[in-house]
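Asker: Next come the chains, spelled out residue by residue.
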Amino acid sequence: MASELITKYMREEHLPHIWCPGCGHGILMRDVAQAVKNLGIDQEKVCLVSGIGCASRAAGYMDFQTMHTTHGRAIAFATGVKMARPDLEVIVIAGDGDCAAIGGNHLIHAARRNIGITVIVFNNDIYGMTGGQYSPTTPTGEFGTTAPYGNIDRPFDIAVLAAAAGASYVAKGTAYHATQTIKLIENGIKHKGFALIDCAGICATYYGRKNKKGSAVDMMKFQRDNTITVEQAKSLPREEREGKFILGKLVENDFPEFTDEYQKIIDRLKEGK
Amino acid sequence: MKNRVLMQGNEACVEGAIKAGMRFFAGYPITPSTEIAEQSAVRLPQVGGHFIQMEDEIASMAAIIGASAVGTKSMTATSGPGFSLKQENIGYACMTEIPCVIVDVQRSGPSTGLPTSPSQSDVMQARWGTHGDHSIIAISPSSVQECYHLAIRAFNLAEKYRTPVIFLMDEIVGHLREGIEIDDDENIEIIERKMKQRPDTLHLPYHVCEGEDVPRFHLTGYDIRYNITGLAHGADGFPTNNNEIAGQLVTRLMQKIEHNVDDIVQVEEKYCDDAETVIVCYGGTTRCVMSAVEELRAKGKKVGYFRPITIWPFPEKQLKALSEKVKNIIVAEHNYGQILLEVQRIVKNCKIGFVGKVDGTVIMPKEIVKAVEEVK
Ligand SMILES: Cc1ncc(C[n+]2csc(CCOP(=O)(O)OP(=O)(O)O)c2C)c(N)n1
Ligand code: SF4
Ligand SMILES: [Mg+2]
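Residue numbers (the working numbering), protein chains in the order written: chain A, 1 to 273; chain B, 274 to 649.
Keep in mind that the hints were calculated from the coordinates and are not lab data.
Hints are not guaranteed to be accurate.
Claimed, not checked - Restricting the straight-line Cα-Cα distance to at most 20 Å, the calculated cross-link-like pairs of lysine to any residue (SDA-like) are:
1. Lys-264(A) to Gln-326(B)
2. Lys-8(A) to His-476(B)
3. Lys-598(B) to Arg-570(B)
4. Lys-8(A) to Asp-496(B)
5. Lys-45(A) to Gly-344(B)
6. Lys-37(A) to Arg-498(B)
7. Lys-270(A) to Gln-319(B)
8. Lys-273(A) to Arg-316(B)
9. Lys-273(A) to Ala-314(B)
10. Lys-264(A) to Val-315(B)
11. Lys-273(A) to Gly-321(B)
12. Lys-273(A) to Val-320(B)
13. Lys-45(A) to His-491(B)
14. Lys-190(A) to Asn-38(A)
Unchecked claim - Computed footprint of chain A on chain B; a stretch qualifies when at least three of its residues, placed anywhere within it, have a C-beta under 8 Å from a C-beta of chain A:
15. 341-347
16. 525-535
Beta carbons: idealized from backbone N, C-alpha and C, even for Gly.
Next comes chain A alone, as it looks inside the complex (with noise of 0.2 Å):
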């Protein structure tokens, strides 16, 4: 019998999945389920947003409220749920390109305002679905299929992008290291405020093949053997964090939340003040 994970937290009907074998999406997506069940949040009371992408097919196959919406757009439907109905749980999934490349725009804004969304990022540092083209976390000197000479383009740090731009918490996940990602998850969707958690994927369709990184599994324990927690980064030289997987929470701050705020207005409006 398969686990109350898949029987309460899929859609059952709608599986298999789409996902090549061995793609890191499959795991992240239970590790957001995991989390979400580990917090008793009610289903009906979780708004899953994602936009186009491999990554975002996650919505169809998750049991909640599901929204799979327009390639970069998630963030900003994500945005008019969470205004007209504060007390939805709102999740997004993206993907690195859907999320950096053409959703960045909405991603700083969201988190500069602090609106109470949880973005998960699936990132495999390349566009899975389209076939393998380099992406905006795709680091310098890959391949992809539209960088066939290797990468110039300098990468992102979607996380400390996110940061940078006032997300009030920010943390780095891995697929291969569930149980640590999970509560990373866990505490990015109790947070009130505008939360981003960049969990490390593995393609191994596209990305492993065009780096030579072998199969999933291999790539699975490549990330296994080059991830460093986040305070074992800060004490590292720059040359020797260069590569690694970064496990753990940035950032944690209690700054206002947006729909809060906003409440407050209404309030003041109607007390006639």
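Fit chain B with the ligands to the supplied structure of chain A, relying on the hints for placement.
Answerer: For chain B with the ligands alone, coordinates are given in the frame of chain A:
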């Protein structure tokens, strides 16, 4: 009781929207629509609603769809450049059948054009701006009074047909100030979402009842967990690659408007009964035409005007009937000839003339008078 107030077209649009039940507005400033955002920022929190200035028009369009999907009547407002940015998500609202109102206060284009000058050059963008076959409703007010009343109607049609409605204003009506009458509540019809009744259809967000064209609502965010997607989907709301289902969906999206044109379409005809020449006009242009028609009538000329209030779907039946009675039709619009194309398509047996402007100035009544006097 009627309450008489002085208002700008843009402000009247907001008041009408709030009367209709708008409780969420997301926008991005752009002339000549900005007063709509400003007025919404003032008024919405007063009635317990929410306003947000988003980072761009794409985000504004996304946000209003998000808010509407969870049950809040929502609107955005923009002008040409911003209207172009909204198009992808307008298509999403068409596909997912999320009601919303998009105000486009038209200005001269293309591109940044003449930002403060009147124009009506987004008429075709309103119809076909987003990609893919889709239906749309567009309404064009020609007075401040209509900005108020037709904004209410825009929301009503959006809810009734589960579609985005384009409120196609122009700089002339947007910035015009006039005295208008605001009715008491009991004189105004407000249409709310038609909710599902049959328990067996509750889990099927896009199930359409026998004899109906539009799926009834059961809101996202409440007791039943739905999926909404811009991918082709069946009654259950989940993506499908089934060509038959995809074809049925697009066909229904077209037909839900086609089947109901008589309910949706409104026109105004004046002095058309004995007219030999009829001027087709809409929105702000109507005001220049009205003045010209009065002047010509005073001179004994048999002239009238025909005004589509609903621009899309175009009042084809009404124009065709009229064209069978008159000799000449002159289209007057502030563009290079967009509705002219529709008129040429529909009218087969009249001489068709055209008065257009693309330099950002207003068509003067004397230019219409001249055009009418010149038809042989
Ligand atoms: C406006 C728009 N541009 C481009 C696309 C094509 N497209 C679909 S998914 C995608 C990239 C997805 O990459 P990412 O967000 O990293 O998600 P992944 O597939 O890697 O999970 C692109 C470019 C689209 N659907 N819409
Ligand atoms: S292409 Fe890559 S990201 Fe997409 S499902 Fe396959 S492995 Fe996952
Ligand atoms: Mg990706």
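Asker: Tell me whether the statement that chain A covers the stretch 341-347 of chain B is true, taking a Cβ distance below 8 Å and needing three residues at minimum.
Answerer: This one holds; 6 residues, not fewer than the three required, reach chain A with a Cβ under 8 Å.
Asker: Lys-8(A) and Asp-496(B) were given as a pair; does the straight-line alpha-carbon distance stay at or below 20 Å?
Answerer: Status holds; Cα separation ~15 Å.
Asker: Within 20 Å, alpha carbon to alpha carbon, are Lys-273(A) and Gly-321(B)?
Answerer: Answer holds: Lys-273(A) to Gly-321(B) is near 14 Å, not above 20 Å.
Asker: According to a criterion of three or more residues whose C-beta lies within less than 8 Å of a C-beta of chain A, is the stretch 525-535 of chain B covered?
Answerer: Violated: only 0 residues of the stretch 525-535 of chain B have a Cβ under 8 Å from chain A.
Asker: Can the restraint linking Lys-270(A) and Gln-319(B) be considered satisfied, given a maximum Cα separation of 20 Å?
Answerer: 7 Å, holds
Asker: Taking only the CA atoms, is the gap from Lys-264(A) to Val-315(B) under or equal to 20 Å?
Answerer: Distance of about 14 Å is within 20 Å: holds.
Asker: For a C-alpha distance cap of 20 Å, please report whether Lys-45(A) and Gly-344(B) respect it.
Answerer: 14 Å, holds
Asker: With a cut-off of 20 Å on the C-alpha distance, tell me whether Lys-598(B) and Arg-570(B) pass.
Answerer: Within the cut-off at roughly 18 Å; holds.
Asker: Does Lys-273(A) pair with Val-320(B) here, judged by a C-alpha cut-off of 20 Å?
Answerer: Satisfied, since the Cα-Cα distance of roughly 14 Å is no more than 20 Å.
Asker: Keeping to a limit of 20 Å between CA atoms, is the pair of Lys-45(A) and His-491(B) held or broken?
Answerer: 15 Å, holds
Asker: Has the given pair, Lys-190(A) with Asn-38(A), been kept, meaning a C-alpha gap of at most 20 Å?
Answerer: 11 Å, holds
Asker: Lys-273(A) and Arg-316(B): Cα distance at most 20 Å?
Answerer: 15 Å, holds
Of the hints listed earlier, the one the structure fails to meet is number 16.
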